[in-house]
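Chemist: Listed here are the chains, written in short residue letters.
2 protein chains.
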Amino acid sequence: MLTSRQLQILKVIIDDFILTAQPVGSRYISKKESVESSPATIRNEMADLEEMGFLEKTHSSSGRVPSEKGYRFYVDHLLSPSQLSKNEKTEIEGTFGQRMLEFEQVVERSAGILSNLTNYTSIILGPEVFENKLKQLQITPLNKETAVAVLVTNTGHVEHRVFTIPVEIEPSDLEKMVNILNDRLKGVALIELPNRLNEEVFSLLREHAEHYNDAFHYLRSALVDDKPAKLYVGGKTNMLMQPEFRDVDKIRSIMSMIEEERDIAKLLKTNDQGIQMMIGHENPFDALQHCSIITANYYLGNQQVGTIALLGPTRMEYNRVVALIEELSKNMTKTFKEWY
Amino acid sequence: MLTSRQLQILKVIIDDFILTAQPVGSRYISKKESVESSPATIRNEMADLEEMGFLEKTHSSSGRVPSEKGYRFYVDHLLSPSQLSKNEKTEIEGTFGQRMLEFEQVVERSAGILSNLTNYTSIILGPEVFENKLKQLQITPLNKETAVAVLVTNTGHVEHRVFTIPVEIEPSDLEKMVNILNDRLKGVALIELPNRLNEEVFSLLREHAEHYNDAFHYLRSALVDDKPAKLYVGGKTNMLMQPEFRDVDKIRSIMSMIEEERDIAKLLKTNDQGIQMMIGHENPFDALQHCSIITANYYLGNQQVGTIALLGPTRMEYNRVVALIEELSKNMTKTFKEWY
DNA sequence: TTTAGCACTCGGAAGAGGTGAGTGCTAACA
DNA sequence: TGTTAGCACTCACCTCTTCCGAGTGCTAAA
Chain A
668 MLTSRQLQIL KVIIDDFILT AQPVGSRYIS KKESVESSPA TIRNEMADLE
718 EMGFLEKTHS SSGRVPSEKG YRFYVDHLLS PSQLSKNEKT EIEGTFGQRM
768 LEFEQVVERS AGILSNLTNY TSIILGPEVF ENKLKQLQIT PLNKETAVAV
818 LVTNTGHVEH RVFTIPVEIE PSDLEKMVNI LNDRLKGVAL IELPNRLNEE
868 VFSLLREHAE HYNDAFHYLR SALVDDKPAK LYVGGKTNML MQPEFRDVDK
918 IRSIMSMIEE ERDIAKLLKT NDQGIQMMIG HENPFDALQH CSIITANYYL
968 GNQQVGTIAL LGPTRMEYNR VVALIEELSK NMTKTFKEWY
Chain B
668 MLTSRQLQIL KVIIDDFILT AQPVGSRYIS KKESVESSPA TIRNEMADLE
718 EMGFLEKTHS SSGRVPSEKG YRFYVDHLLS PSQLSKNEKT EIEGTFGQRM
768 LEFEQVVERS AGILSNLTNY TSIILGPEVF ENKLKQLQIT PLNKETAVAV
818 LVTNTGHVEH RVFTIPVEIE PSDLEKMVNI LNDRLKGVAL IELPNRLNEE
868 VFSLLREHAE HYNDAFHYLR SALVDDKPAK LYVGGKTNML MQPEFRDVDK
918 IRSIMSMIEE ERDIAKLLKT NDQGIQMMIG HENPFDALQH CSIITANYYL
968 GNQQVGTIAL LGPTRMEYNR VVALIEELSK NMTKTFKEWY
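Just so you know, the sequences run in chain order A and B. The first sequence begins at 668 in our numbering and counts up by one. The second sequence begins at 668 in our numbering and counts up by one.
Don't read these hints as lab results, they were simulated from the structure. Given the structure is predicted, the values throughout are model-derived calculations rather than measurements. The reader is advised that the hints may include incorrect statements.
It does not matter which identical chain is meant; a pair holds if it fits inside one copy or across any two.
Here are the simulated BS3-like cross-link-like pairs (lysine-lysine), alpha carbons at most 27 angstroms apart as the crow flies [said to hold, decoys possible]:
no., residue 1, residue 2
1, K811, K1001
2, K811, K1004
3, K699, K936
4, K678, K802
5, K699, K894
6, K1004, K698
7, K917, K853
8, K897, K699
9, K997, K811
10, K802, K843
11, K800, K811
12, K699, K933
13, K811, K917
14, K853, K802
15, K698, K853
16, K933, K800
17, K1001, K917
18, K843, K936
19, K802, K894
With these hints in hand, go ahead and build the complete structure from the sequences.
Modeler: Laid out in structure tokens, this is it:
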């Protein structure tokens, strides 16, 4: 167990290193109000903390730097989420005070706020669209060969897909067909659509007109939804301002990963409640070994639909960031609740 | 006027510098097959070329490096667009050989091809949506207060906007209303919609039901289209591989500009036919002073709708890039032509 | 247990010297 | 008159050394 002096010293070191990115020395710590001891005593304590794995040295005669274990201990035991500053409050209230009607808008602005206020990169994982329920289907012919199917879901999300149609289809037939489809498919989850089409609707359509065999085939392909959850990224260039990422190669691997989307999306997809943190090697990706990721989920009603995350160096302002993310996920959840 | 030997030397220098990013010396040039003279002669010519402003030295005893004027002369007079390589051909044909139905898909893949094959950053400016003509309008109520308006245009583009509705509206009334709107607004350009609504439709709606005063107001706001043309960017991280952009600050200003979108969009918006090039300071933005931008337009029918561009260092493989962009803009134009 | 003192370590800045790729200039040559 | 060989010169870059200072660990005294 750590003594209270060790706790204090560890906290001072991490707090200071987060601010300056410079190794912290014993003399400097001794001058802090919160610590009374002399540099020599502090050196002894630091040596102990290093032995326990909470601190590291960059070279044999340098000051101390937090290890990943140190950060982990810090966020688990020493973290006191800070109050939001006036500036932060006004920015959040200014945005969520406005009436927003579109999901994308809320998410995009949230990502913007998060990256603006932190100088880190914000990543928001959107909802899995395929869980949405169909509210209305519309098919609009574009020319002789193609038509566009538009699906509006219960959450106000709009999907569209262009597909080929058999030449023979008549406008009036099409209308009939769309009516049947709407009648039978309303309320069905998008991912279920192709199946439902098979079971119920096919026979029904067949009764009402010819040539539906072909049409059916094409329509079905149009209704298959294989789009992954969308990723909203804010402040991509913020990473370039962090001193630990002055190295172009490091930055490139991180940015490639963000651009790739797939791995990041997988990483963020959790169902856990509250704030989650991954510090350095706690995530499996080489590119993110010097990064920390803080995530929180947001909800639509009681259902968790997406994740809001912040990507920064392991030397992250955890206390500020945690407060911010908590506040934002609350605001998002609240906004969505008002809609439904 | 330049002698043919000077032309040859200039070409060798630029070709080589584009490949290696290293200053080119006289001894090296003299060993090239295409040049017969001795290093001393070449030095004399190089001194002349420098005096004329086509070459520069990085320091007093370094080899020569092309100046922006040099590049400009090169692309104007020495450029022989290269044949596409087998690799390039298969990648393009592989993509455009598939049947693609959606505009976004074509543009996104084109951007992908361009950045993959070049290691530069590709930027494609989408069409101005507001010029599209309305094909079908649909309004779907989401809850008591909001509805989503979906607009399908003649190009298969789908726009949607959530808007507030007055509480009193009945489903059957809504259907009537949508029918009237579709009847009156089909074929109208999106940007014209709000006006048309004023002139013709308002009175018509009024005759058919009460409460349209309010509904009208909200609907109108939903039909205002202020979205700028969309930007499709591919290979954002490619810039980080160019040796001239090892400097994090340079990269940051370039990436911020791309992320910003507004200035880039303005820069790309041209009506000129054929390939356009901006070399270094020929563009007005500080961040892009060491970049070149090659653009070509693509067409929908005879109408120019968007621009396809490649952003790289001034030391760009102009001959390859020009051939590629030409080929791609042709393929895009052709694909779109088949649709309409 | 704490602290003062001291020798020690190491990164980083500054300077010196050497190397090599490249130049410009001059004078001889075809 | 244009071309070329020869040569002195320049400058980036590398390496080696030196010096400095911030910081350490250890020891012995308080």
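Chemist: Under the constraints set out in the numbered hints, which ones does this structure not fulfil?
Modeler: Hint check: 3, 4, 5, 6, 7, 8, 12, 13, 15, 17, 18 fail, others pass.
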